[in-house]
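Enquirer: One line per chain: the protein sequences are F and H, in this order. Position one of the first sequence corresponds to residue 52 (the working numbering), numbered consecutively onward. Position one of the second sequence corresponds to residue 52 (the working numbering), numbered consecutively onward.
Keep in mind that the hints were calculated from the coordinates and are not lab data. Take the hints with a grain of salt, since some may be wrong.
[Said to hold, decoys possible] Over 12 angstroms on every C-beta distance to chain F, these chain H residues come out as not near it, computed from the model: (1) Ala79; (2) Ser93; (3) Phe126.
[Said to hold, decoys possible] What the simulated footprint calls covered on chain H by chain F, stretch by stretch (three residues with Cβ under 8 angstroms from a Cβ of chain F suffice, anywhere in the stretch; the number is not a length): (4) 94-101; (5) 203-210; (6) 216-227; (7) 245-256.
All figures in this text were calculated on a predicted structure; none of them were measured in a lab. Backbone N, C-alpha and C fix where the C-beta goes; we use that ideal spot for every residue, glycine too.
Now for the letters of each chain:
There are 2 protein chains.
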Amino acid sequence: MPRETFFNLPKDKRDHIITAAIEEFSQAGYSTASTNQICKKSGIPKGSFYQYFTDKLDLYVYIMTLAIEEKIRFFSVALTEFPALSLLEQIRLLFTKGIEFAKTHPQYAALGEQFSKESDESAKSAVIKEGDKRSDTLFLQMIDQAKAKGEIDDSVDAQALSLLLQSLNSAVNSYMQDRYGSLSYEEHEKDMKHFIESLLNILYRGIKK
Amino acid sequence: MPRETFFNLPKDKRDHIITAAIEEFSQAGYSTASTNQICKKSGIPKGSFYQYFTDKLDLYVYIMTLAIEEKIRFFSVALTEFPALSLLEQIRLLFTKGIEFAKTHPQYAALGEQFSKESDESAKSAVIKEGDKRSDTLFLQMIDQAKAKGEIDDSVDAQALSLLLQSLNSAVNSYMQDRYGSLSYEEHEKDMKHFIESLLNILYRGIKK
DNA sequence: TAGAGATATGACCACGTGGTCACATGTGGT
DNA sequence: ACCACATGTGACCACGTGGTCATATCTCTA
């Protein structure tokens with residue numbers, strides 16, 4: 052956690068630093084990100100950096116915490132807005148909301164992308180310890196609920212389905228990124244909706260004739 | 052491509068260098084890997100390194116090429132061994148062979164893992180240019196074939212299914228890695244087989260009741 | 001045996017890194 | 001007006017990086 056000095060800073064200066072850090076970490080990931088660059092971008096001297104944060108990792112974990120909080124807030128708002136959806140509808144909602152999140156919070160999304168690629172294990176575990184992996188339990192909860200309601204077949208393995216949904220969720224995002232890059236969301240909304248429906252169709256009916 | 056000097060080297064010295072490079076790149080990825088470390092590990096002086104390779108990227112692309120060739124050979128042998136399998140059987144074969152490859156060639160598998168995480172775009176594109184992405188076309192071919200044979204439903208979106216299979220394939224591998232680490236393959240063969248069957252079951256029948 | 005051309009070698013370079021520290025500047029209370 | 005203490009600051013450190021180059025050592029031909 053950042054030192055008290057950091058939180059005593061005037062809000063706009065703090066925000067400058069946060070913005071600069073998000074920018075750097077979302078482009079470079081933890082290990083290749085440069086504290087010098089963050090200082091230069093936010094206009095603070097090197098010495099001040101180490102007045103505010105104990106080290107690079109301290110800042111990184113703080114930034115990731117902000118991003119995680121934001122994303123969780125985003126999803127849970129979406130889910131509670133529509134209670135009593137079927138599993139398939141819930142999944143559809145999460146997919147589309149996932150894309151929406153990446154669109155409205157591109158920096159946070161990029162941060163997450165970089166995090167999943169991070170090779171520095173100590174940095175990864177430090178972030179995870181500070182709270183994540185809730186998406187897995189979220190999916191498992193949804194699946195169990197749906198089974199209880201008799202929505203889906205009992206022969207479906209919950210663990211396997213959860214893995215499938217997780218990998219699918221990230222795959223959809225990177226697919227959209229690869230295909231349309233940073234182009235406007237609205238322009239390709241139809242394509243994306245159609246693609247998601249195709250996936251859901253496979254998921255629901257299976258591929259058998 | 053390495054310089055001629057490199058290929059004139061006695062085979063065991065060349066192999067030492069290759070081994071050291073694989074070790075380093077599979078642990079650190081391209082951008083964080085250190086040429087100094089590779090020199091130290093393989094026992095060659097710094098000067099010799101730059102006698103053999105034009106630069107770090109030259110060596111990296113060469114190593115990746117070796118890994119890709121090996122993996123493609125592995126898969127195509129497996130597929131041609133059993134001609135006339137159904138799509139589901141082909142997919143099952145690829146999943147299990149994928150795990151087997153990761154088990155028998157852990158270094159190469161780790162190399163691929165690191166590559167997919169690589170953030171240095173120039174390195175990525177240099178490797179891709181030298182030949183990859185065949186797995187995507189492989190899946191698409193299999194799907195088209197299966198459709199032609201009337202094995203799977205026409206309403207299934209080939210592109211969507213291919214993406215699903217790709218992401219699932221890598222997800223299965225990292226899942227196994229996370230769960231069982233480097234433990235012996237045989238010990239958990241049953242678990243893994245069971246897990247794969249669960250996934251194939253969802254894929255085939257869908258999740259609907 | 002001489003000499004030419006390929007190959008081996010490690011000291012060296014400029015640079016960027018994360019992190020430190022002595023000192024300058026601000027701020028609030030007396 | 002003073003002083004104590006929090007805060008700001010950038011020159012500096014040791015180190016590791018990818019890459020170079022003059023020189024030493026081979027090897028093979030004449």
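Enquirer: Each hint: holds or not?
Expert: Verification of the hints:
no.: 1; hint: Ala79; in the structure: violated, 7 angstroms
no.: 2; hint: Ser93; in the structure: holds, 22 angstroms
no.: 3; hint: Phe126; in the structure: holds, 20 angstroms
no.: 4; hint: 94-101; in the structure: violated (count 0)
no.: 5; hint: 203-210; in the structure: holds (count 6)
no.: 6; hint: 216-227; in the structure: holds (count 7)
no.: 7; hint: 245-256; in the structure: holds (count 8)
In summary, the structure is inconsistent with hints 1 and 4 from the numbered list given earlier, while agreeing with the others.
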